[in-house]
Amino acid sequence: MSKAMDGFPTTHWSLILDKDKRKECLKELAENYDAAIFNIAKNIFRLKDEDARELTQQVFESIIVDNVLDKVNRERGKLRCYLISIIRNKAFHFFYEGKQIKIKKETKKIKKFSELSDQIRNNFLDIEDPSALQEEELQSRMQAAFNQEWVLVIREKSLNQLEQYCGSKDKAKKALECFKQNFFQNRKPAEIARDLGCDPRWVSDKIYRLKIKYAEFFEHIVRETVADEDSLKEELRELR
1 MSKAMDGFPT
11 THWSLILDKD
21 KRKECLKELA
31 ENYDAAIFNI
41 AKNIFRLKDE
51 DARELTQQVF
61 ESIIVDNVLD
71 KVNRERGKLR
81 CYLISIIRNK
91 AFHFFYEGKQ
101 IKIKKETKKI
111 KKFSELSDQI
121 RNNFLDIEDP
131 SALQEEELQS
141 RMQAAFNQEW
151 VLVIREKSLN
161 QLEQYCGSKD
171 KAKKALECFK
181 QNFFQNRKPA
191 EIARDLGCDP
201 RWVSDKIYRL
211 KIKYAEFFEH
221 IVRETVADED
231 SLKEELRELR
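When you line the sequence shown up against this note's numbering, it's residues 1 to 240, in that order.
By construction, these hints were calculated from the structure, which means they are not laboratory data. Be careful, since some hints might not be right.
Said to hold, decoys possible - No farther apart than 30 Å at their CA atoms in a straight line, the calculated lysine-lysine pairs in the BS3-like style are these:
1) LYS27 / LYS180
2) LYS213 / LYS233
3) LYS157 / LYS48
4) LYS23 / LYS157
5) LYS233 / LYS180
6) LYS180 / LYS157
7) LYS211 / LYS188
8) LYS180 / LYS169
9) LYS211 / LYS171
10) LYS213 / LYS27
11) LYS211 / LYS169
12) LYS174 / LYS188
13) LYS42 / LYS27
14) LYS157 / LYS27
15) LYS211 / LYS180
16) LYS157 / LYS42
Input sequences plus hints: build the corresponding full structure.
Printed below as a string of structure tokens:
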């Protein structure tokens with residue numbers, strides 16, 4: 001067994017690397033990353049909804065059918081980064097196999113976007129500055145777009161877990177509302193206490209405690225997508 005699996009034996013990362021268990025977590029994989037992949041296809045590669053959906057399906061198929069993750073470094077890594085690479089590679093194939101970009105009436109196999117002229121790249125890349133149309137820029141934009149979507153997924157999941165943790169009692173609901181207003185709306189505890197008719201010290205205490213719990217849920221979700229502690233720390237720095 002690899003060090004990654006020794007350290008994180010039941011994480012989503014270790015399961016997706018296990019060929020025998022990969023299909024079991026396909027549903028969760030799709031729920032977590034579908035929106036991020038779809039929006040990269042639309043906003044970075046400027047695909048129509050139908051084509052973006054097709055590219056998204058191709059990414060998941062490559063994971064399950066083509067077993068592309070069998071080639072990754074199992075000792076270290078972040079699932080998000082590998083997914084970005086898969087999206088990039090599938091996009092190349094999508095354009096020269098599906099779209100059949102023509103150069104001088106001949107179909108040219110694309111290995112890098114830098115091989116294309118600025119005009120052709122501008123047809124499907126949402127980058128206006130021709131000098132920025134380089135491989136590094138594309139990778140950077142993909143990562144930024146993916147991070148933005150992935151953070152939204154993590155926040156939603158963390159908040160759902162926090163709601164379950166708080167329960168349905170009135171005081172618990174009020175405490176959760178205090179946390180939401182402070183954390184997501186950046187409102188001060190004194191303002192929240194005044195509007196809700198609560199003791200300011202009680203509000204501050206509940207916000208503090210729920211922030212700790214929310215951070216625990218957030219970290220647990222991220223932990224499911226990395227191979228080791230170093231990758232976890234790096235991922236938390238990037239996403240928080």
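Each hint, compared with the structure:
no.	hint	in the structure
1	LYS27 / LYS180	holds (29 Å)
2	LYS213 / LYS233	holds (18 Å)
3	LYS157 / LYS48	holds (28 Å)
4	LYS23 / LYS157	holds (22 Å)
5	LYS233 / LYS180	holds (25 Å)
6	LYS180 / LYS157	holds (14 Å)
7	LYS211 / LYS188	holds (14 Å)
8	LYS180 / LYS169	holds (17 Å)
9	LYS211 / LYS171	holds (17 Å)
10	LYS213 / LYS27	holds (26 Å)
11	LYS211 / LYS169	holds (19 Å)
12	LYS174 / LYS188	holds (15 Å)
13	LYS42 / LYS27	holds (22 Å)
14	LYS157 / LYS27	holds (15 Å)
15	LYS211 / LYS180	holds (10 Å)
16	LYS157 / LYS42	holds (24 Å)
This entry satisfies every hint, going by the numbered hints stated previously.
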